[in-house]
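Residue numbers (this note's numbering), protein chains in the order written: chain A, 1 to 280; chain B, 1 to 810; chain C, 1 to 107; chain D, 1 to 383.
It cannot be assumed that every hint is accurate.
[Unchecked claim] With a Cα cut of at most 20 Å, we get these calculated SDA-like pairs of lysine to any residue:
(1) Lys201(D) / Gly229(D)
(2) Lys4(D) / Val272(A)
(3) Lys321(B) / Pro50(C)
(4) Lys326(B) / Val272(A)
(5) Lys71(C) / Met396(B)
(6) Lys48(A) / Pro207(D)
(7) Lys75(C) / Asp37(C)
(8) Lys75(C) / Ser267(B)
(9) Lys96(C) / His485(B)
(10) Lys441(B) / Arg413(B)
(11) Lys321(B) / Val272(A)
(12) Lys24(C) / Phe330(B)
(13) Lys18(C) / Ile397(B)
(14) Lys326(B) / Phe235(A)
(15) Lys333(B) / Ala229(A)
(16) Lys227(A) / Leu306(B)
(17) Lys268(B) / Leu28(C)
(18) Lys94(C) / Met396(B)
(19) Lys190(A) / Leu306(B)
(20) Lys268(B) / Asp21(C)
(21) Lys18(C) / Met395(B)
(22) Lys18(C) / Lys326(B)
(23) Lys227(A) / Phe330(B)
Simulated from the structure, these hints should not be mistaken for lab results.
Letter by letter, the chains look like this.
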Amino acid sequence: MVVETAHPLDVYLRETGMHHIWCTGCGNGILLNSFVTALKELELNLDKLVVVSGIGCIGRIAGYINTDSFHTTHGRPIPFAVGVKLANPELKVVVISGDGDLFAIGGNHFIHAARRNMNIQVICVNNFNYGMTGGQQGPTTPLNVSTSTTPYGNIEHPFNLVHLAAGSGAVYVARWTTLHVRRLTESIKKALQKDGFSFVEVISQCPEIYGKSTKIGLPVDFMNWFKRASEIQHFSDPAKAEITSDRIPLGEFVDIEKPTYETLLRERITQVQSKMQGGT
Amino acid sequence: MSEDQPQNEIKPQAKEDEIRIGVYICHCGLNIAGSVDCEDVAKFASTLPHVAISKDNRYTCSDQGQDLIKKDIKEHKLNRVVVASCSPRLHEPTFRRACEEAGLNKYLFEMANIREHCSWVHLYEKEKATEKAKDLVRAAVAKVVLLDPAVESEVLITRKALVIGGGVAGIQAALDLADTGYKVYLVEREPSIGGRMAQIDKTFPTMDCSICILAPKMSDAGRHPNIELLTNSEVQDVKGYIGNFKVKVLKKPRFVTKDCSACGDCSKVCPIIVPNEFDVGLATRHGIYTPFAQAVPSTYIVDQNLCLNKEGIIKCDKCIKACERKAINFDMKPEQLELEVGTIIVATGADVYDPTSLQNYGYRKFSNVITSLEFERLINAGGPSAGHLFRPSDMMIPEAVAFIQCVGSRSDRGHLYCSNVCCMNTIKDALLIKEHWPDTKIYVFYVDIRAFGKGFEDLYKRARKEGIIFIRGLPAEISEDRKTHNLWLMGENTLQKELYKVNVGMAILSVGIEPRRDSDIIQRLLVLSRTGDGFFMEAHPKLRPVDTPTGGVFLAGCAEAPKDIKDSVTQASAAAARAGILMAKGKVTVEAITPRLLDEKCKACGLCVKVCPYNAVVLNKDLKRVDIIEAACAGCGTCGAECPSSALYMRHFTDEQIMAQVDALTEQDADKKIIAFCCNWCAYAGADFAGVSRMQYPTNVRIIRTMCSGRVAPKFVERAFERGAAAVLVAGCHIGDCHYINANVQTQKRIERLWKKMERLGLNKERLQLLWASAAEGERVASKVKEMQTIVNGVTPEEVEKSKKMTGKA
Amino acid sequence: MSGMKAVTVEKKSNLWRKPLDADKTRQLQAEITIIKDRCKGCGYCIAYCPKEVLEESEEINARGVHPPKVKDINKCAVCGYCTAICPDLAIFVKEKTEEKKEAENKK
Amino acid sequence: MSEKNRALSGKHFYSGDLACAEGALAAGCRFFAGYPITPATEIAERMARRLPQVGATYIQMEDEIASIAAVIGASYAGLKAMTATSGPGFSLMQENIGLAVMTETPCVIVDVMRGGPSTGQPTMAGQQDVMQAKWGSHGDYEIIALTPSSVQEAFDLTVEAFNYAETYRVPVMVMMDAIVGHMWEKVIIPPLEQIVIENRKKPAVPPSEYMPFKPDKDLVPPMAVFGEGYRFHATGLTHEEDGRPRTESIKVQQRLVQRLCDKIRKNSERIVKVKPMMMEDADVAVIAYGIESRAALSAVRKARNAGIKAGLLKLVTLWPFPEKQVSEIARNTKAIIMPEMNYGQMVREVERAAKNTPVIFLPKLGEEPHRPEEIFEAMKVGI
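With the sequences and hints as input, model every part of the structure.
Have a look at this one:
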C-alpha cells in the first residue's frame, strides 16, 4: 500500500475527511478547507471545540473534522448545540449545516437561538437546493428556478438569510461565496472569536445537482458566476441583500455587542445563590 | 445672475431730462498742445450737444486739474464728464476717482485719447491732428451721453484653497497659505508628495542635499492642521468661478489604512516585484510599497494594477498576514470628494524629456548611456547604487564620463525652448563626480553654458578650475565598443573648428523639461491657455506672472515654465500671496462691464452660450432665456457680438454707445477715413505704444476701444461702411494670446463671414482688415495703417455708395 | 549566490532598464505538492491561479480525472490560493526552504 | 451550598410533578429543557425556580423537539439532563428519542399522561402513551419506562430513572398519569447520602484508543464527554464502534441494532421492578400501574374481606416489560384482572405473558380511574 502524501491540514481532519463523499467541485469541500484553516490560524484548542451538523451533504462535515462532533437529526443541530453550550460554557460550539436543514425544517430553532443570543457560531452552506435528496426546491431556491419538485419553475420567494439572521438578533452576520474563500476564513475566525450568536452564510456551488438543473454548468462556471455577480459592500442594509442571478451582495452585515444568554444566565444564578446564602 | 444686479441701476439708461457734460481738453504741457490746437478743440467741444462747459488746461491730471473738474461738477451740475488727454489705460482711474469724489458715478466718465493716438503720432500735421482730436472728442461726447451709471457688484470668496500638485512648488504654496490661516487641500496624483526634488541628489548652486532640505517641508505639509493632504488623488472636475469653485477629487484607495506604521513587513513578503518609478527603474519595489524612505504620507500603498487581489477576491494574503497592525484593507473603495474652494493654485510640474527618439545618442540601445535623472538616482547615497557611480553595463566606476547638454532642448529635435536648469544641473553633477572620484575625466559637450543666476557663474568657474573639460559642440553620434561597452562620442568642436572623437565609460544625456503630457486635462478643467511650448500661460508676462486668465486660479513651478527649485519656490510663494490677497479680502468687485440680459429680447437660441470662453452664460431652459454668471464673466463682450437679437446689453460698451462713436467719427468726410476697432489689451495698447515711441502714421485712422476684439459685432463694421467709411480695421491679440482665452477666435470667424458677404456684394474686401498685434507691437499697428492708406486712396465714390447699402442685402 | 536565478521583475511600460538590484532581490522559490488521487478534477486551482502556473495533466488518477500539473513553477508567487480553494485538499504550495535550495544547488 | 440544596431532605407535602422535579434534582440533574404543556407545566416551573438555586441550567426552548435535542446535547456535554412533557409534546420528541437511543444518550423524559389522541383532554388523566413510550420512534430499539403510583414514587422513580439512564446509556421515561402528577401527598426526601446515585461509566483508555461505541461485557460502552480531549464523533447514522458512519454495511447495522436492544433485554433482570401484594396465595390477580394500582389495592382488600383470595401485581417498570413476573403469576392464578386508563395497551403484553390464563381487561377513558367496586365486580366474574 502506498502511503499518501500528507496535506498540512490533515491533522485537523479524520481520515474520512481526507476522502469526503462530496461531488467534484462541491463548495462543501472549500468550506471544510476554509474552516480548518481558520482553526489552524486561530490555534484554537481543538479539545474544547465541538462541531455540530444536521442532515444533508454538508451534514457529514462534523464527522470529518477531528474534534468532538455530533451529527444530529434533520434540522436540530442548533438546539443540540444550545444544550452542549449551556452544559459546558467552556466549549466553543459551531453548527455547520445547509440552508434546508437550518432554515426549512430547522428555521424555528435558528431564529430563537439568534433571538436568545446563544453563544454559538452557525455556518450555513447555502447551495440553493436540497442536494443530497436529488435537487429539490428549498427555502433559498430562487424564484422560477426549476428543480425536481418545481418542474414548472419555483413560485416561492426565497429567504434572504443575512436579513433573517440580522432581524432575528445575530451579533455577527457575514456572507461570502466559496470563491472569496480567504475572506470567508477571516469571517469564520471573527465569528469564532465573537461572543454571541454569529452567522456566516457561505454561498456555495452544487455543480452536480443544482448546476445541472439550472444549467449553470461546470464547477468553474459556478465560480465564474460568483465572480461576475459578487458585490462586496460591508455593513450595507441586509434587507437589500437579496441574491439574484446577477447580484450576490457580500460582506459583513452586522457586527455588534450584546450580552449573551449564557452571561445573563450565569448572572441570575449567582444572584439567586448569593440571595439564598444571605437567606439561609 | 440677475439677482446680482444692483437695484439702484436703471437699465437701459432712462435719460435725465437734461444731460450736462463737462469737456476738458488737456495740453499735457506741450505733449498734446505741441501738435494739437487745444483751445480750438475746446471751442469746438462747446458746440456739441449737451455740453454745458468746455475747458482746456495744461495738466488736467494735476491736482488743480482734478479740483477744477470736481468744482465744475458741483457748480454746473455736470452729470457727464469727458477728458481729452492721454490713454485711458493710463489715467482713466484717476479721473473716475475725481468724478466719484464729486459725487458723480464713475461710469459716467469718458476719455478721448488725443495724445498716444493723436498728437504723438502726428507730430508734424497740426491741422489734421487737430481735426482728429475734434473727431475723437465728438465720439467721446457721443458715447458719454449714452453711458449708464453703474455699481460694481461683489462676489464673496470662499476662504479655502486648492493646490494641485505636491511637488516643492505645491508644498510651498500650500504651506504659505496654511500658515496664513487658510484651509488648503493639497492634491497629489502620486502616493507621496515631494515631486522631482525628492529624486534629485544635490541642489545647485549651494550643493546641499535635496531631500534633506525637502523632507522637513514635506512633513510640515503632512502635519499642518490647515492642510488636508489628498495623495493618490486626481482632480476630476472643476465647476464655478473665482471665489466659488466646486472641485471633484477622486481619492483612489491605498488599500492600507492610517494605522500603517510603515514597518515594511508587508513589502518583504509581497511576491510582486517591479522596477521602482522613483528610482527611474534602477531599483525594484514590491506590489505593496512606499515610494521612498521619506515619503509623506508614510502609509504604504498597494499597486492596484499588479496586486494579485482583484475583483474583490483575495488570492494572496501574505501582506495581510504580515501586518501586525491589521492596516491592510482590500475593501477600500475609491472616494469622490467634493471640495469648495475660493482659489486654486496649479503646481502640476513638468515631465522629463525622453531621449529614446534621438537615435544618434543610442539611449536604450547602449546601457551606459543614461539620462541626467537616472544619474541623480545613481549618485544619490540613498539610491540603488548607494551613491556609487556604477555604470549599468558592469557596475564599474567609469574612468571618463561625458555630459551632453540640450538633449531635447533648443532644437527642432525635441523642444525649441531652453529648459533653463540643465546647464547648472550638469555643472553640479560634474562637480559631484569630482568630489567622490577626483581622477574621473569629465567632458561637458554644450551649445552655450547658461549660468545666469545668483551664484551660478561662480559654480561654473569652479567646475572649469576643477579641470572639467567643456567642449562647445554637441556630439553628432555616440557609438559603443561591443566588448568594453565604452562609448565613442564624435562631433565638431565649434570653437576649435575641429572634429573630436572622445572615448568615455558612460555618457549622461542632460535631458530637458517638457510640459506634462496630460496638461490638456487641467487646461480644460480650469479654462487656462497654454503657450506654443505647451506650458500654462500667465495673465501678463510682466505684470501678472503668476495669475491666469481665469480669476482665482494661479500658477506655480514648472507648470508655467521650466525653472529651478529656487524659482519654483519663489513663484509658489507669490501664487500663495496672490491667492491669499483674494481670500483676505473675502470678496472681489467685478468691473461693471458685464452684460445684462434684456429678457424680452432673448430667444434662448444659445449662440452666446457657445462662444463664451468662461462658460459664464448658461441656457435656462425653464425660463426660456440665458443666465449670466456675473462672477465668472470677464466682460469681453463676445456674447453681445454674437447675439442676433441684441438681447445682451454690454454695459459700458453697449451697441448704442459704439454705434454712436462710429456715427460721430464718420460725420465728416468719412470716405477718407479708417475706422479702427482695437482691443483694450493688445491692439489699443499697441497703438498707445506706437504713440509713446512717436511712430508717425496717417492721420485718417480713428480708433474705437473695446475690451476685446470679440466685442466687435459685424453690425458695427457694417455701420461704418454704411456711414461711408473708406476702410475698417479690426485689431486684437494674437490667436492664442487672447486676454479672454480664445474670444478672438470668434473675431476671426466674424471677419471672415463679413469678407464673404462683401465678396457677394461685389465689394473690395480689402477695405476690411484684420490685424493681430500685441501690446509691444506698435510698429505693426503703425505699418498697418500706412498699408491701409493705399487702399483708402483706391476706394472710389461708387464703391463707397455701394457699401452704404451693405446691410439688409445679405 | 550560486544557483540564484534572477527574480522575474514584471516590466513597466516606461521603465526599461533591468533594475541594478534585480539579482539581489529575495526570490521566491515555490514548491507545489499535488496529492493526485485526492483530486476530483474541479479545475478551480487551474482556472483561478493568478499566475497561470497550473494546467490539466494528461494522466488519469484513481478517481478517473486529470489532476493538475505544474506548467511553470517560476511564475508561482506562492500566494496559496490553490491551497485555499481546493475542495479536496489535494494541492498545497510552500516556499522552498533554504536547506532544500542549498541541496539543489549542490547537485 | 448548591449540593446542600440539591435534596431538600425531610418531610414535604408535594404534588407528583413537584416530587418528580425534586427527585431529578436529588439524582443530580443539572439541566432541564422544556416547553409548557398541561399537565406537566408544574415540573418546568419547579425546575425554573430550583435549578438556579443549585447553580444549574433551566431553559425553556421553542418547542419539544428543541427541548429533547438540547437535553441530548447537554448530556453529551456531561450533565444529567431531563425534559418533561405530555402526550402532544411526547409525540414531537419521538424522532430525537430515536437519536438518543442511537447515540446512546443518558437522559430522562417525563411524560405526564393526559387524554388523547391529539390535543384530547389536556386537564384529564390517561395512560394512553405507555405503548408510544416503547414504540414511538421508528426502528428497532429498547428503552426503559417507569411509572409512579404515588407522590413518593414520583420522587423515588425519577431518581431511579436517572440511575438507569446513566447505567445503560439510554433514554429513560417516567410515565406518570396526570392524577399522580397533580395529586398532593406526603413525601419524604431522605438525606442526600442515603440516596443511591449512579453515574455513567468513564472510558478507561486514553483518547487515542477510545472507541465511543465499543461496549464492555454489559454491552454498554463507557461514555466520554465533549471537551475532555477524546475528540469523538457521534451520529444518528448507523455507525462503527469508532463512530464512523457505515450506511451501507449489513454487518454493522445488525451488530449495532442488536446491541442497542440487547443491552436492555439482557439486563432486564436488573432493571425490571414490580410490587406484588398479597400474591402468596392469590387465586385471582389484579395487574395495574400508576394510579390504577391504588384502586386495585383497595379492591383486593375488599375481596379478601369477602373471602376471595385476591392479590395485586403493581408494575413499576413498564419497559422492559416484566414478562417473567407476569407469566409466573399467570401460572399460579385462575384469572388476571387488568384495569388501565386506556382502551387496551399494556394488557396486550400481559395477555402475551399470561398465555392460557384468562385476562379480564377493564378499560377506562376520559375521566378518573376505576372505582374499587368495578374491579371487585370483575374479580367475582374471574373466579
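Hints, verified against the model:
1. Straight-line distance between C-alpha atoms of Lys201(D) and Gly229(D) comes to about 16 Å, which keeps the hinted pair within the 20 Å bound.
2. With a C-alpha separation of about 15 Å, the suggested pair Lys4(D) and Val272(A) falls inside the 20 Å cut-off, and the hint holds.
3. Between Lys321(B) and Pro50(C), the direct Cα distance comes to roughly 19 Å. Compliance with the 20 Å bound is thereby established for this hinted pair.
4. Restraint check for Lys326(B) and Val272(A): the C-alpha separation of about 43 Å exceeds 20 Å, so the hint is violated.
5. A distance of roughly 39 Å separates the Cα atoms of Lys71(C) and Met396(B); the hinted pair therefore is violated under the 20 Å criterion.
6. Between the alpha carbons of Lys48(A) and Pro207(D) the distance comes to roughly 14 Å, so the proposed pair stays at or under 20 Å and holds.
7. The suggested pairing of Lys75(C) with Asp37(C) is violated, with an alpha-carbon distance near 25 Å, which exceeds 20 Å.
8. Restraint check for Lys75(C) and Ser267(B): satisfied, since their Cα atoms lie roughly 19 Å apart, inside the 20 Å limit.
9. Restraint check for Lys96(C) and His485(B): the C-alpha separation of about 38 Å exceeds 20 Å, so the hint is violated.
10. The hinted pair formed by Lys441(B) and Arg413(B) fails the criterion: a straight-line CA distance of about 29 Å is larger than 20 Å.
11. In summary, the hint linking Lys321(B) to Val272(A) is not supported, as the alpha carbons are separated by about 46 Å, beyond the 20 Å threshold.
12. With a CA separation close to 29 Å, the supplied pair Lys24(C) and Phe330(B) exceeds the 20 Å bound.
13. A C-alpha spacing of about 18 Å is found between Lys18(C) and Ile397(B), which places the hinted pair at or below 20 Å, so the restraint holds.
14. Restraint check for Lys326(B) and Phe235(A): the C-alpha separation of about 19 Å stays at or below 20 Å, so the hint holds.
15. Pair hint Lys333(B) plus Ala229(A) holds up; C-alpha atoms about 18 Å apart against a cutoff of 20 Å.
16. Restraint check: the Cα-Cα separation between Lys227(A) and Leu306(B) comes to about 19 Å, which is no more than 20 Å; the hinted pair holds.
17. As the CA atoms of Lys268(B) and Leu28(C) are separated by approximately 11 Å, the hinted pair is consistent with the 20 Å bound.
18. Straight-line distance between C-alpha atoms of Lys94(C) and Met396(B) comes to about 38 Å, which puts the hinted pair past the 20 Å bound.
19. For the proposed pair Lys190(A) and Leu306(B), the alpha carbon gap of about 29 Å is over 20 Å, so the pair is violated.
20. For the suggested pair Lys268(B) and Asp21(C), the alpha carbons sit about 15 Å apart, so the restraint of at most 20 Å is met.
21. With a CA separation close to 12 Å, the supplied pair Lys18(C) and Met395(B) stays within the 20 Å bound.
22. The suggested pairing of Lys18(C) with Lys326(B) is violated, with an alpha-carbon distance near 34 Å, which exceeds 20 Å.
23. A C-alpha spacing of about 16 Å is found between Lys227(A) and Phe330(B), which places the hinted pair at or below 20 Å, so the restraint holds.
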